[in-house]
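These are the residues of each chain, in order.
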Amino acid sequence: MRIRDNFKSILLLYDIIAAIAVALLLYYIAYYVVIDKFQIMPVSWGRIVEIKKFLDSKISSESHKNIFIFGSSTTIEGLDCNRLDEFLPENFASYNLAWTGGSPHQLLLILPAVNAAKPYMAVLCVDYWSLFEDSRIPSELLNIVGWWQFIPQSELEYFSSNFNKEEFDELKESRFLHLWQMRSFLPETLEAYVREFSRPDLRYDGYRTNFKAPWVRTKVVSPTAMEKDIEKFRRLATSLKTDDMQRGIDALGSIVSYVSQNGIKVTIVLSPFNPKAAESIDKNTMNCAIEAVSELAKKHSAIFINQFALLSPDQFADGAHAFEPGRIIWTEALGQAISKECKTQE
Amino acid sequence: MLFQTPEFLLLMLSVMLAVAMIRGGTLQIIILLLASYLFYMSWDPSFIFLIIFSTLSVYIAALAIERSQQKHWRVFWLILSCTVNLTILGFFKYYNFFVDSLNQAFTVLGAGSILPLLKITLPVGISFYTFQSLGYPVDVFRGVKKAERSLLHVALYVAFFPNLLSGPILRSTEFLPQLKNVVELRHDNLRRGFHLFLVGLVKKVLIADYLAPISNQIFSSPKGLPSVLIWFGTLAFSLQIFCDFSGYTDMARGVAQMLGFNVPINFNYPYAARSITEFWRRWHISLSSWLRDYLYIPLGGSRGGNVKTYRNLMVTMGLCGLWHGASWNFILWGFYQGVLLVIERITGKAKQKTFAEKMAAASEASETNKGAGGLIGKLMALIFTQYLVFLGWLIFRIVKWDDMIYCIRKYVIFDFNFDISAFGLGGANPFIAIFAMFFFVLFHIFSYRIGGIANQLDRLRWPERNLVYVMTVFALITLWPTGRTSFIYFQF
Numbered sequence: 001m002r003i004r005d006n007f008k009s010i011l012l013l014y015d016i017i018a019a020i021a022v023a024l025l026l027y028y029i030a031y032y033v034v035i036d037k038f039q040i041m042p043v044s045w046g047r048i049v050e051i052k053k054f055l056d057s058k059i060s061s062e063s064h065k066n067i068f069i070f071g072s073s074t075t076i077e078g079l080d081c082n083r084l085d086e087f088l089p090e091n092f093a094s095y096n097l098a099w100t101g102g103s104p105h106q107l108l109l110i111l112p113a114v115n116a117a118k119p120y121m122a123v124l125c126v127d128y129w130s131l132f133e134d135s136r137i138p139s140e141l142l143n144i145v146g147w148w149q150f151i152p153q154s155e156l157e158y159f160s161s162n163f164n165k166e167e168f169d170e171l172k173e174s175r176f177l178h179l180w181q182m183r184s185f186l187p188e189t190l191e192a193y194v195r196e197f198s199r200p201d202l203r204y205d206g207y208r209t210n211f212k213a214p215w216v217r218t219k220v221v222s223p224t225a226m227e228k229d230i231e232k233f234r235r236l237a238t239s240l241k242t243d244d245m246q247r248g249i250d251a252l253g254s255i256v257s258y259v260s261q262n263g264i265k266v267t268i269v270l271s272p273f274n275p276k277a278a279e280s281i282d283k284n285t286m287n288c289a290i291e292a293v294s295e296l297a298k299k300h301s302a303i304f305i306n307q308f309a310l311l312s313p314d315q316f317a318d319g320a321h322a323f324e325p326g327r328i329i330w331t332e333a334l335g336q337a338i339s340k341e342c343k344t345q346e
Numbered sequence: 347m348l349f350q351t352p353e354f355l356l357l358m359l360s361v362m363l364a365v366a367m368i369r370g371g372t373l374q375i376i377i378l379l380l381a382s383y384l385f386y387m388s389w390d391p392s393f394i395f396l397i398i399f400s401t402l403s404v405y406i407a408a409l410a411i412e413r414s415q416q417k418h419w420r421v422f423w424l425i426l427s428c429t430v431n432l433t434i435l436g437f438f439k440y441y442n443f444f445v446d447s448l449n450q451a452f453t454v455l456g457a458g459s460i461l462p463l464l465k466i467t468l469p470v471g472i473s474f475y476t477f478q479s480l481g482y483p484v485d486v487f488r489g490v491k492k493a494e495r496s497l498l499h500v501a502l503y504v505a506f507f508p509n510l511l512s513g514p515i516l517r518s519t520e521f522l523p524q525l526k527n528v529v530e531l532r533h534d535n536l537r538r539g540f541h542l543f544l545v546g547l548v549k550k551v552l553i554a555d556y557l558a559p560i561s562n563q564i565f566s567s568p569k570g571l572p573s574v575l576i577w578f579g580t581l582a583f584s585l586q587i588f589c590d591f592s593g594y595t596d597m598a599r600g601v602a603q604m605l606g607f608n609v610p611i612n613f614n615y616p617y618a619a620r621s622i623t624e625f626w627r628r629w630h631i632s633l634s635s636w637l638r639d640y641l642y643i644p645l646g647g648s649r650g651g652n653v654k655t656y657r658n659l660m661v662t663m664g665l666c667g668l669w670h671g672a673s674w675n676f677i678l679w680g681f682y683q684g685v686l687l688v689i690e691r692i693t694g695k696a697k698q699k700t701f702a703e704k705m706a707a708a709s710e711a712s713e714t715n716k717g718a719g720g721l722i723g724k725l726m727a728l729i730f731t732q733y734l735v736f737l738g739w740l741i742f743r744i745v746k747w748d749d750m751i752y753c754i755r756k757y758v759i760f761d762f763n764f765d766i767s768a769f770g771l772g773g774a775n776p777f778i779a780i781f782a783m784f785f786f787v788l789f790h791i792f793s794y795r796i797g798g799i800a801n802q803l804d805r806l807r808w809p810e811r812n813l814v815y816v817m818t819v820f821a822l823i824t825l826w827p828t829g830r831t832s833f834i835y836f837q838f
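Sequence order for the protein chains is Y and D.
The numbering used here numbers the first residue of the first sequence as 1 and each following residue consecutively.
The numbering used here numbers the first residue of the second sequence as 347 and each following residue consecutively.
Isolated chain D (complex conformation) (with noise of 0.2 Å):
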């Protein structure tokens, strides 16, 4: 059950009018965790028995943590929860990954394969909700969150049917204390949220689905193309994946506030970032901030000297790969950011200034025209970051080796072919595509200039915002792709 189909509309519209019509707190959670199991049985049914169990096991660890006297106890409780939870995990995502990479290795070696593959179906959703169940106990652990004593919070908390696909990943400190209080439908919160749910269902079906069919087409037979084509791919890539999630993002966070909730955000204009540093401050801010809370900080984060600290960001940001999917490019992606972040770290440790903040400050002084100068320093700064994070986007999509290599070489090194016609390219609609890039660009400096469409929206006079919602709805009806699509992120 995508969020863009009627049986979503049809779920919440029941879900509002049951939660308006009931006036207890605690009939109105069982209402929403009922449709939130509903939703996630949707997908698959079997699966629902997963997440009652990883909710049970937080629930009961969380309280044992805080009842224990001893340390030794608290830790017991605390790493047999996460040890459950990262078991369910590791053996529904990576066991097949894990033995088909050891069975190569033993193949080489001459041994042939030692463990069986099994047939496992990737339950949805359960990176995201796995995460935001480990963050419980911790919290409790660390004395940040005092243990819930209600079950249909904890499994509410875990299971909120918004964000419970593709995050955005919920902090028990945020949203537990949300549901002490009685729902209300409030109307500045009903328009609020449609807000956000129109602006990313634009995201989503006027941009991301039209990008979606010329980078799969470029990138499912990439060799033999040139450069001009995959840096293309790539750009389209980079604008679908942006546009995929942060639109998914843009609508749970929509969702959940009609509902009353506040949800995070999880994206702040990634693709402004002008150093790799404040590309992870602002790209899928719920699971940057958790690795970095919940990951890097335990393992040392900065305070123990140069190396260790590179240790830990390499070992955060290679799990960061490795918690996007079970495959290598992903796993390399990640130690790929690490590099970044670790080069960045060491040529701002001078001036405590990143490697490429430092080329903006190089062009402001080299232009006599200040002004001018610091524009096309912090430009150049721009270009140069996300030129590297473009180049992420490549190993992030490509799963075959040789074919990442190729479209790697054409995207670094440009071989000015411009002989295009003839790829096969026609039945994805390339020039829609180029139109979707305008689009957004378009679409992304406004949203960045008014502080949010969202919010540009809810201060606009009763006329002009029912002239935008027509405009907006006639051209959602008319551009909206017959086929239906799913998020990039829900394989997560």
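Isolated chain Y (complex conformation) (with noise of 0.2 Å):
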């Protein structure tokens, strides 16, 4: 008599269930039609799905006169394509396809789709701390590589090693649980908008499309800001190790050979650091960094350019990212640099 009250007990909780069942099949309705149809995710992520847009819009004709600029937050606020194309031949256009994070390991969930656009040229601005990357690739990227197949099925063995166990089995996942793990790109939206909103120079105009001139800061962080950025950054630059340097290297590897076989123009960019921050670098890392990239360049008969102390410090905005004079000395640095291979090829 217990066992069966017991269970009655248990059973009389039908409606917990129901509700819990009532609650997924909302989420997944809810999270269809506004993460899929309408696309509501934080501005540096929805960045990434219009890159890939952009990216399958120029599989045409004309598409291999095209430069494409492929980097982090420093490439977004550090480079315009507008002022970069006046130093280009005629038939020549450039854009800015950096990401927040963009780094080379990051980069190569979206060779396929620069494959498919085969521009003339891939640039690739690489901080210096990315080339010592180990850290996982963020679970939001990852999911939307998935959900959208950035990388088709056939695709995804050749960049196996490149990834870890974790980030490769994630990529492999269902789309189903893809939209499941994109829960928290509603908050994460919410955040990113009211902090846009808060700030004097709003950054998300037209963001997430413009491949020209993405944004760059009309004002320069509070010395106390800056100087605490350029602390986080020079203990950044004292923990980077030589040992540390094989993923972020072989990344590099990766999408150089990947592009370069498709008959694509690499360029490897070693991206302006802040001189204050660069202080404490141990040299014969930096060296020992330098050469790889050097010698991956010249295996692939790719053109590196070391722009590293281009900028003085009055130049960045913050520890990192360059401010308006910054910007165009470094666009107009690439765009001499560059131009001079489009020339070669008319």
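Source of the hints: derived by calculation from the structure; they are not laboratory data.
Keep in mind that a hint or two might mislead.
[To be verified] Cβ-Cβ distance ranges computed for the label pairs, FRET-style:
| # | chain 1 | residue 1 | chain 2 | residue 2 | range |
| --- | --- | --- | --- | --- | --- |
| 1 | Y | D169 | D | K492 | 50 to 58 Å |
| 2 | D | D390 | Y | K232 | 29 to 37 Å |
| 3 | D | M387 | Y | Y158 | 40 to 48 Å |
| 4 | Y | G263 | D | A821 | 47 to 55 Å |
| 5 | Y | T218 | D | I611 | 51 to 59 Å |
| 6 | Y | A30 | D | D804 | 27 to 35 Å |
| 7 | D | D446 | Y | T218 | 44 to 52 Å |
| 8 | D | F444 | Y | S135 | 32 to 40 Å |
| 9 | D | D748 | Y | N287 | 33 to 41 Å |
| 10 | D | T351 | Y | Y158 | 32 to 40 Å |
All of these numbers come straight from a predicted model, not from anything done at the bench.
Cβ coordinates follow ideal geometry from the N, Cα and C atoms, glycine included.
Got two chains here, each in a separate frame; can you build the complex from them with the hints?
Structure representation (structure tokens):
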């Protein structure tokens, strides 16, 4: 009798199970509409989706005159492609396709689309610290890549050696699970929008789809914030060790090898670094890194441009990102360097 | 195995089904004990022997105390059981801390390090179950509890899985009698337990986990930050630690309730306290009452004059700080609380009122409108008390001395620098943290006014209740952080 009563009590909780099922169903419907149809997500992720769409739209006959520039937020803020185009021959156009956190490792995720778009040149702007990067690719990015199928199933295996098991497993998950794991997008979107409205220099006005000159800061941060940010990069610079370089160099090697096989020219740029933060970099480590990148470029007939020490401290808005004068200098220097290549093609 | 994981759901369902199918009470206790040991072993299997050893020590000691005719033997057994359990706690939790401090002192004196540091892993929940174990022989010694004949019952009392890792710290007088009955899964208990669990989950997932990144970010490197950010971080941590810990307690109580056990409350709106004394009656109640009954009163409590009372308060609160962790900042935090309690006793002596209550009374008297004045006075007392409590959380949170001093200075002396951009807080979602704080305030006030959300849920009719279920589960799914987060008090 008591056993039957126990089970009866448990079964009376059926409404809780039903409520959880309804909530789950609602979640999937809501998120499918919100993420897939309206693409409501933090702008930095939204930009990557738009970059993929942009690359897909460039699969056309004239696309071989395009120059695609990839990199991280330092590239987004540091290069103005409208100005860069002034240095290029008439039928060339450059596009700033960098995104926040866009390390060589992350760039691997978008390579099939780059290959399909077949630009004339891919410029890989690499931050010094990203050569040593061993952090995991954010789940959000892997889920975006999985949901919008950036990498065709047939090509997944090619990249397997560049991802750790956790990353690779996440990439291979079903779309059902990808949608489940995108649940942080709504609160983060809210955060991003509120944050942007609270700042004096609105960033996201067309930021997602602006592939020429996405954004530049209108003012330098306060001296205390600058000092703190520089200190952060100093600590980062000190922590970089030659032994940790392999993963970054391997990723870079895979990118160069993959795109150059398809006849796309590759230029590797070591991005400008704030000299104040660079003070604490170990010179031997730095030489090792530069040598490794240089050798890699030579091996794949790619161009290597070292612009590490191009800018002075007052040309940075914070510890890492170029401010307007710095942006002009970097853009012009890069424009002059790659224009030579374009002219030889002409 | 955290409460909010599928693994725990599976364990809980298995236990419920097993308990439901078994007739005998003893067999049910065995199932619960196995589940408790399995739950503990999911963290680190090797430490299960510690719990078993602690159980055996207090089981034997309690029986020996009861059977001993002469007082000195009763005292002997009590001291032995306390020594055994405190030695285990002391070794695992405090050995490296004391050796390190000693070595540093000797290094300053020029003698160098004298003792080696050991690679010791802190067993999760050791402070909680050790205190639980310690209380039982004391209760038997005092004659408030008869020694339990069943080893199984004592073992389950020490290791009961819902509150094994972070409390509430159970009393043998409350829990052991509940094991005499056959476990029945009653519908009202199951539903009430689910409501408690849901409320705890909301506190943990929708508030604490959204406040954690911002307080972590601010306090990982606070130097250079303006006062406004130190205040923001302090507020975030104060709400985080409450929601994290009380959320865990609610879930623990919910799980126990589903199985038909009553576990006492641990929090009673501590941020509504208008004096530090009141705060300690509302915060971590099972620990503060344990310290009162097993430490403060045996030390003499308030019976031996003012000086002894103050000494007893300082010793109790200092040890309360040390209980939280093997670090000087916890000890300092304990003494800070002790000093505040002593000051309240001194200032409250004349009219038997605490300092904060006096402020409230003074403000009340100064107002011509008595109702509004009373409210303002209470509000002032509340703000003043919480200002001191939050200052205490700064000491509790920051381990590095220079960072702590910097933060305290910025907290106490406001610098009116509101240029807060570019401090790299963006990744910690500061605006979501602000939403979470507002949500906490609404949730807390609403809960306070209706006498607890779980109670209110019990009273709702079917359609409304299910609407709340769907909305809450939807909010939990949507806002559940993607990373796995633990509970702050697990480290203690």
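Would you pick out the hints that fail for this structure and give their numbers low to high? Those not satisfied: there are none.
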